[in-house]
Each structure stands twice: as C-alpha cells, then as structure tokens.
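Undergrad: Next come the chains, spelled out residue by residue.
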Amino acid sequence: MITLHIQYFAILREQRGLTQETLVTSAATPTALYEELRARHGFTLPADRVRAAVNDDFVPGTHSLRDGDRLVFIPPVAGG
Amino acid sequence: MITLHIQYFAILREQRGLTQETLVTSAATPTALYEELRARHGFTLPADRVRAAVNDDFVPGTHSLRDGDRLVFIPPVAGG
Amino acid sequence: MSFRISSEPLDPTALARTLADARAGACVTFEGWVRNRNEGQPVLSLEYEAYALLADKEGARILTEAREKFDLLGAVCVHRVGHLQLGELAVWVGVTAEHRGAAFDACRYLIDETKARVPIWKKEHYASGVTAWINCATRGDFADAGR
Amino acid sequence: MSFRISSEPLDPTALARTLADARAGACVTFEGWVRNRNEGQPVLSLEYEAYALLADKEGARILTEAREKFDLLGAVCVHRVGHLQLGELAVWVGVTAEHRGAAFDACRYLIDETKARVPIWKKEHYASGVTAWINCATRGDFADAGR
Chain A
1 MITLHIQYFA
11 ILREQRGLTQ
21 ETLVTSAATP
31 TALYEELRAR
41 HGFTLPADRV
51 RAAVNDDFVP
61 GTHSLRDGDR
71 LVFIPPVAGG
Chain B
1 MITLHIQYFA
11 ILREQRGLTQ
21 ETLVTSAATP
31 TALYEELRAR
41 HGFTLPADRV
51 RAAVNDDFVP
61 GTHSLRDGDR
71 LVFIPPVAGG
Chain D
1 MSFRISSEPL
11 DPTALARTLA
21 DARAGACVTF
31 EGWVRNRNEG
41 QPVLSLEYEA
51 YALLADKEGA
61 RILTEAREKF
71 DLLGAVCVHR
81 VGHLQLGELA
91 VWVGVTAEHR
101 GAAFDACRYL
111 IDETKARVPI
121 WKKEHYASGV
131 TAWINCATRG
141 DFADAGR
Chain F
1 MSFRISSEPL
11 DPTALARTLA
21 DARAGACVTF
31 EGWVRNRNEG
41 QPVLSLEYEA
51 YALLADKEGA
61 RILTEAREKF
71 DLLGAVCVHR
81 VGHLQLGELA
91 VWVGVTAEHR
101 GAAFDACRYL
111 IDETKARVPI
121 WKKEHYASGV
131 TAWINCATRG
141 DFADAGR
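Chains as they are written, first to last, in our numbering: chain A, 1 to 80; chain B, 1 to 80; chain D, 1 to 147; chain F, 1 to 147.
Since the hints were made in silico from the structure, they are not lab data.
Every clue listed holds true.
The list that follows gives simulated cross-link-like pairs (lysine-lysine, DSS-like), each with its CA atoms no further than 27 angstroms apart:
1) F:Lys123 <-> F:Lys57
2) F:Lys69 <-> D:Lys115
3) F:Lys57 <-> F:Lys115
4) D:Lys69 <-> F:Lys115
5) D:Lys57 <-> D:Lys115
6) D:Lys115 <-> D:Lys69
Model the full structure from these sequences, guided by the hints.
TA: Below, the structure is given as structure tokens:
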C-alpha cells in the first residue's frame, strides 16, 4: 500500500467535492487508481479521456506510482 | 492631340521633380506616354514595371486615353 | 519569451509594450474573447481554471518549440483564470519577428498548442442556468451540464 | 469594415476598441513596425507615400474579398504615410471572427494583399545617408539610391 496526495480540478473537483485529498491505495498506476476513484465517486469521464500528472509532470497512465507521489488527473482541456 | 493631367508619386515624382503636370500629347495609351516621358525625363523604371491608373482606377497599359483624362503612373509598391 | 497564468484582467496595451524591439518589423497578436454564444447556446459568462504548476511548465515548453520552429524575436502568452464576463479577454498571445510570416505562424502555433495541451479548463454558464465544462461531455452534448 | 490612410500616428488601443463585438471569440492584429535594418543595411527612418484615392478603392476591394473568403465579423486596416522613425507603427490590421482560424487567415490576407496591391510606396533612409525607394531598383540592388 502507498500513500498518495491527489489534487482535483474542474469537473473532477466538482464531482469529487474536494480540491485535494490524501489516500492509501494498492493501485499501482494512475489508470488503476482513476478506475478505483471513478467507481467510488461516480466520475463521468472514462479513464481514456483523462491524463495523469505525477509531481507536476505528465506521465502515461501506466506509470508506476510511488509512496508520497502527488497525483493530478487532467480532464480534457478547454481546446477550441 | 489630347490634353492629359498627370500626377507623379514616389520615385517618379522625384525623378520628374513635379507632383503634377498637364500636357498635350499624341500618345494613345499609357504605355506609349510613359515611354515618351521616360525618354524625356530619364525615368529609371522600365515601362513593364509601371502600372497605370486613369481617373483613379487601374487600367491596362493598352487602355485608350481620352482628352481630359487624369493619369497616374504607379511604380512598384512597397511590398514585403 | 514568457508564458503565465493571470487571475487579474489582462491589459493588451501593457503586454504589447513588453514586445517593443528595434529589430522587429512585425508584431502579430491573438486575443481570445468571451463570446455570447457557443455552438448555438447563449453564453452569459465563463470560468477558467488552471493547474498552474503544470500549465507554466507546458507553456514554457510550447514557447521553446516555437522559438525552434520559427524565426522569432519575442513571444508572450498570458491566460486568464477566474470568472469572466462577456467581452472579457481570456487569453493574449503576442509575437514579434523581423518578417510577418514567422510572426503569424508562431502566433498561430502558440495559441493552438496552448489550447490543446495546457491544463486550463473552461466552464460555460448559459442563459438557461445550466453550466458545462467544455470538452468533458461523455454522453452526448452537455451530458455533464449542471453537475 | 474599413480601410484608410493616415498621416497621423496610429493608436492600436483605440483601433482595437472599434472592433469590440459580443459575437467575437477571436481578434487577430498585425502591426508593421519600422525596423532598424533591411537586407543587412542599417535603417534610420522610413517615408511612406500613398496615392490616396486609388489606395482607398483598392483597400475597400481587399476588405470585400476578405469578407467573401473568410467568416469575419469585423476588419480594420490603417496605413500610415509620412516620415516615420524607428519603432513607429506603419500599418495596423485588426480582424474579429467567431473562431480564430478565420481571424488569422483574414488578417494575413489583408496585410499580404495590401502590401502587394495598394499604391503605397516606401523610401528607406540609411545610416550611410543614401535613400532608396523599395522595389524600384532597376540595375541591381539600390541602383536608384539617392536619386
């Protein structure tokens, strides 16, 4: 189990009702954690539309999470 | 013979030393008149690099000039 | 060259002044304004939210790319965050170059890449009272509206 | 939509204000500045001279073409004439549109066509004391210089 600090923005912030939280998880990757949180909190965005950042850098969804990482899930940006 | 009012701009104004003049000519087209003036005043631009306007509209070099026309020879514009 | 996020209103005149350069023959600017409709719906206002730390990093990368691709002299990109009203300036991009081709191309590149890649989100408030995070609909248009 | 020749200095802030439009999401501007070199020669100042009656007509035609080609909301093009110093604004083009693609394309079209077709001439004054009407050389570069 690892401890992660998660920060939420935009639609995820509103759906979670929090700007940040610290949690203990067995999820090994951002995608695995997102699926876990999505099931728990009813996030409407599927995992393939959400990018991840660890310690303020983009990472692939398969990135190996480490104890103490700061994680942000990034909904689609404003675009057009 | 027709009477024409000619206005000069930019390099032609400087080479002619006048901003405008009225003259009587047998030239039937802008190109013919330009060649006549070029020989007389030493304009450096060849006729094929100068456009013509009659009564404030672009015309081809072969346009038929009429008595009383206002004529402008247009050196290459600033471009770039 | 600078990229930044601003929670204060943008001042185009002051921003343009920072680009003054005796070598520059061309200055191209892009301004993104809050407009009164989007895809047919009347819009009342917009909220922009940014993940500032990563936005700054990604913005700096985009500026570096632009400098490599185009023959630039200067470039500034500033994006507002917060609640904006109709007509307000949401983003300002200004580029200087010796010649206009590079200035146009670089300005276009900067705004296109910023909109596509920088973590800034936009929420529209409609006259109907509904709101929607743009590009976050998942079950047809505006499926997430109002949540 | 307007095109004009100005013998007074241009004020970009005031010009941009005339383009305000609640339907517009994008405003692209081009500024042409007097730069300190051209093709390797140090430039001290520039003179612009226009054949105003025909310039106004040709400018109006270019605006009409742009409106037909691109999905514009507003467009303004103003060109200075007279003797300009380094850093001064020689030409200002501003375009508004719902979307930025049209605004960029139209702004580019307006300045490209204006420079290619509108009867406005430019004379450069060099540090060497020589002057030259640009594009009017006939026997190699700057053959007409100083005449």
